[in-house]
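Student: Residues per chain, in single letters:
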Amino acid sequence: MRPLSVPERLTKNRFNLDEQESHIEVNQEIARSTGTGKAIIACCPAHVYAEEPDGTISVEYAACLECGTCLAIAAPGALKWHYPRGGFGVQFREG
Amino acid sequence: MTETAEPDFDVIVIGAGIAGCVATYQLVRKGRSVLLIERGEAPGSKNLSGGVLYSRGIQQVFPDFLTEAPIERRITRNCINFLNADSSVAIDYKDARLAEPVNAVTVLRAKLDGWLAAKCEEAGALIMPGVRVDRVLTEDGPDGKRVVGVRAGDDELRARVVVAADGVNSFIAQEVGLRKKDPPRHLAVGVKSVVSLPRKTIEERFNVTGDEGAAIAVIGDCTEGVGGGGFLYTNIDSLSVGVVVRLDDLTKKKKVVSDLFDHFLEHRFIAPYLEGGELLEYGCHLVAEGGLDMVGEIVMDGMVVVGDAAGLTLNTGLTVRGMDLAVGSAAAAADAISSALDQKDTSRAALGTYRKKLFASYVGKDMKTYAGAPSFLEVERMYSEYGELLANTLYGAFNLDTRPREHLLKVARKSLAQSPLKRRHLVKDGIAGARAL
Numbered sequence: 001m002r003p004l005s006v007p008e009r010l011t012k013n014r015f016n017l018d019e020q021e022s023h024i025e026v027n028q029e030i031a032r033s034t035g036t037g038k039a040i041i042a043c044c045p046a047h048v049y050a051e052e053p054d055g056t057i058s059v060e061y062a063a064c065l066e067c068g069t070c071l072a073i074a075a076p077g078a079l080k081w082h083y084p085r086g087g088f089g090v091q092f093r094e095g
Numbered sequence: 001m002t003e004t005a006e007p008d009f010d011v012i013v014i015g016a017g018i019a020g021c022v023a024t025y026q027l028v029r030k031g032r033s034v035l036l037i038e039r040g041e042a043p044g045s046k047n048l049s050g051g052v053l054y055s056r057g058i059q060q061v062f063p064d065f066l067t068e069a070p071i072e073r074r075i076t077r078n079c080i081n082f083l084n085a086d087s088s089v090a091i092d093y094k095d096a097r098l099a100e101p102v103n104a105v106t107v108l109r110a111k112l113d114g115w116l117a118a119k120c121e122e123a124g125a126l127i128m129p130g131v132r133v134d135r136v137l138t139e140d141g142p143d144g145k146r147v148v149g150v151r152a153g154d155d156e157l158r159a160r161v162v163v164a165a166d167g168v169n170s171f172i173a174q175e176v177g178l179r180k181k182d183p184p185r186h187l188a189v190g191v192k193s194v195v196s197l198p199r200k201t202i203e204e205r206f207n208v209t210g211d212e213g214a215a216i217a218v219i220g221d222c223t224e225g226v227g228g229g230g231f232l233y234t235n236i237d238s239l240s241v242g243v244v245v246r247l248d249d250l251t252k253k254k255k256v257v258s259d260l261f262d263h264f265l266e267h268r269f270i271a272p273y274l275e276g277g278e279l280l281e282y283g284c285h286l287v288a289e290g291g292l293d294m295v296g297e298i299v300m301d302g303m304v305v306v307g308d309a310a311g312l313t314l315n316t317g318l319t320v321r322g323m324d325l326a327v328g329s330a331a332a333a334a335d336a337i338s339s340a341l342d343q344k345d346t347s348r349a350a351l352g353t354y355r356k357k358l359f360a361s362y363v364g365k366d367m368k369t370y371a372g373a374p375s376f377l378e379v380e381r382m383y384s385e386y387g388e389l390l391a392n393t394l395y396g397a398f399n400l401d402t403r404p405r406e407h408l409l410k411v412a413r414k415s416l417a418q419s420p421l422k423r424r425h426l427v428k429d430g431i432a433g434a435r436a437l
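Read top to bottom, the protein sequences are chains A and B.
In terms of our numbering, the first sequence opens at residue 1 and continues consecutively.
In terms of our numbering, the second sequence opens at residue 1 and continues consecutively.
Same shape as in the complex, but just chain B (with noise of 0.2 Å):
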């Protein structure tokens, strides 16, 4: 026996993200009643991200996604680039096949959580913005405490689950003892500036056309040394530009993670790609970067947690994953909540098949596959020495200054010989990136 007084909805959902849109659609289209609350004026309105959506999975639950969404631009050309003080070496890829079928676009997230939104409460959602959950509520039960509602001010309201797709601070996972507080290390804040351009002078600089888009990241001198990285991704008429650092390395290294914008912004080759452009918007988010380690706990009698809440976010070095995760732990938790309320048994157990069905999805298993990326992606040689020994090495190659040619490989030798880095590292961190990336 598992419940108690007769609630008010069969789900209540925390947070109108993509985790708690896409769960509250999926369960409204299988019938069940939904209170969806956000604690923005209207829905994404709090939400931000790098801007990146790879989209096949939200593709799925929204058939017409790429043609009614709002979304920015479909990315056609990644470039990853390390970056030095004075040079700058980048691997470009572009590729039509990533154009058809569409693989990831670029997202505004207060355009797109409004659609989302919208959908769900088209499908018959209700829909409460501009509250603020305060607590869920709990009971004691034989097998420990079960969420049974939440309260939001003066309001109780019950349901016989709850979703909580509260975001990265997931206080509400945190209160109910299901999440600890995460180390600095798992965690990194990103600074970004949604910057206008005209359509036509954003398709001239990152050499795109139509509806096409590029997503640039970047690794060095932008951060300053500090562990992460910066981006540039195009949007219709507007550039998002951000940098992601490491809350250790950011504190350890006493930098001012403003100045490390200002430093990325200002950079000789960035600033080119901003010239002429008007800020609109100014903002930051917390990044979940533990990978694997940081999801613990997501299941307990009458609630589950989804999305940034649950720590679902991947950095594998060339991808930046949080979106689609969210998109694939929202289903998954949809249809083990639909199961344990057809059974009438909504315990740990019954909704533990969400932990079986995450696990099993793609979500589960790319996260046991980078599993070793975040602790790859501390090695400091990647933020500096990396980028400049590329650099040298092809510096080398293309300074004809009349003196007489070495081969490449001497070339490369010479520099990594005048650089910190030895060839044990280079075997080391190539084994190791093999393994982890």
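Just chain A, with the same shape it has in the complex (with noise of 0.2 Å):
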């Protein structure tokens, strides 16, 4: 099978996008200062979470997958990461 890339993986996938409102928020300052940046770029399966030059953390909504890793690592106040609002988000259809 020919390696996928994590973004031609999830063209695979079915998204409902909220075009409203992100349900992730990183609070740069406090992720900066304990890692929780870089940690949750390593662990998001879904490369939600990117270094952006100016080392601010960026956050691609649309591709979560919701598993909530994220969330799990995050230093306390880092993250706020709350499931999309009913009916919006990734939908699978094998699951």
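No lab work stands behind these hints: they were computed from the structure.
These figures come from a predicted structure and were not determined experimentally.
Where hints are given, some of them may not hold.
FRET-style restraints, in silico, Cβ to Cβ [what the hints assert, rightly or not]:
| hint | chain 1 | residue 1 | chain 2 | residue 2 | range |
| --- | --- | --- | --- | --- | --- |
| 1 | A | Gln20 | B | Gly210 | 23 to 33 Å |
| 2 | B | Val256 | A | Ala75 | 17 to 27 Å |
| 3 | A | Gln20 | B | Leu437 | 45 to 55 Å |
| 4 | B | Leu437 | A | Ala75 | 32 to 42 Å |
| 5 | B | Leu318 | A | Gln20 | 43 to 53 Å |
Even glycine gets a Cβ: it sits at the ideal position worked out from N, Cα and C.
Build the complex from these two chains, which are given one at a time in their own frames, with help from the hints.
Tutor: Encoded structure:
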């Protein structure tokens, strides 16, 4: 099987994008001082998080697979993460 | 006295996974009015699992489960595979007795949970998909907080009992203080692809026929030494393939989880299984691996917690279980709720029979039996040295290089001498394993 990149894999999934509301919010200061920023980049299977040239963490919330791993390892206060509003987000067809 | 305003339903269940659907089904069959709320567009659309369901429990709830439910294959072949970079040693266990009566099946949850929810609806439950419960409604009672319903957006719905079946992240149980944030060593992340392959190809590659299937568990190089493992499960015309890694170890070893998954898919002994396949879906899921330690308070005034939300998962090294425990806990909860409703007392004390029933059932008993498994599986040696020791011993036996042979025991001793493993490790891990598993 041809190896696919994570973004290529995500194109196979079905998402209902919530254009009005992100369900993820990073506190840049705490993320930087606690190392949470780098940790959530490494642990997210969907590559939702990325480090920008200025050192801030950007969030591609549309790609989120809603596992909650980032929240589980984030330092207190570094991350606000809840489920997307009802009906939005990833919609598995296989599961 | 435990009840105030006339509620809209006897029971509101949050989350249409296996636990939520089984609880709903059992309660409506007992004549209760039940609202099942699901945040996904349709039941199943947020749900994902590795894929093996030990099915005896759910067959008791749905007698037509094996013939009517959208199951994939019945598992008759279980492999435990120690994987190294260039070698692999496996126990390959195939048994006709596992086919009849059926013991385990592979499932794809988006399909299965849709069926379960339809059974609930048929039996009389009201299902509300596409709605996220934001929090539970509570009132102050004589014994502290009491759950009286749920809030979803601007809507407030009231019930005599709320069932939190909202999955491993269990925001609801955390919100009311029943569950603390779990430490990363009790959690793992599973990453999975579903890869389509023709039915015939699957049967040839995995040496199965008809509706029989294989479950391959992999330990070792698949996770580059990070605590965890890989899996390959056969569906009807697709494979579920993934890795599960412990969060504390992933962070400590500074590995990128998607790299570990790529490494597994591209491994020389794994890639051939997937050759020619087409990716259908990519998903992930948080897994509770703390065993009994993670099961805390699961009952309060007006609410019970079931399934993953209650921390009910078990990794015994050989079997990885969650869905069967969800069934068992939901059945126990439904029994307890029904009796509590009969007595018109849904206090913590009355609903407490859920906990008693849970620990009297296979769920609680197995959680206790395997209470030592999580710390045993934290032993680092499991994820590299043992597989190499096995392969090096076998290499010594099979590599007939025209030098005179030595007895197998001597070969094994030499392999051990060259390994970072010491004899005391074997003794210690052997005893610990025998006790824990």
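Student: Each hint: holds or not?
Tutor: Hints, verified against the model:
Between Gln20(A) and Gly210(B) the Cβ separation comes to about 50 Å, which falls outside the hinted range of 23 to 33 Å. At about 19 Å, the CB distance of Val256(B) to Ala75(A) agrees with the hint of 17 to 27 Å. One distance hint, 45 to 55 Å for the beta-carbon pair Gln20(A) and Leu437(B), holds here, with the actual separation near 50 Å. Judged by the Cβ atoms, the range 32 to 42 Å given for Leu437(B) and Ala75(A) holds: they are separated by roughly 34 Å.
Roughly 47 Å separates the CB atoms of Leu318(B) and Gln20(A), a value that falls within the hinted 43 to 53 Å.
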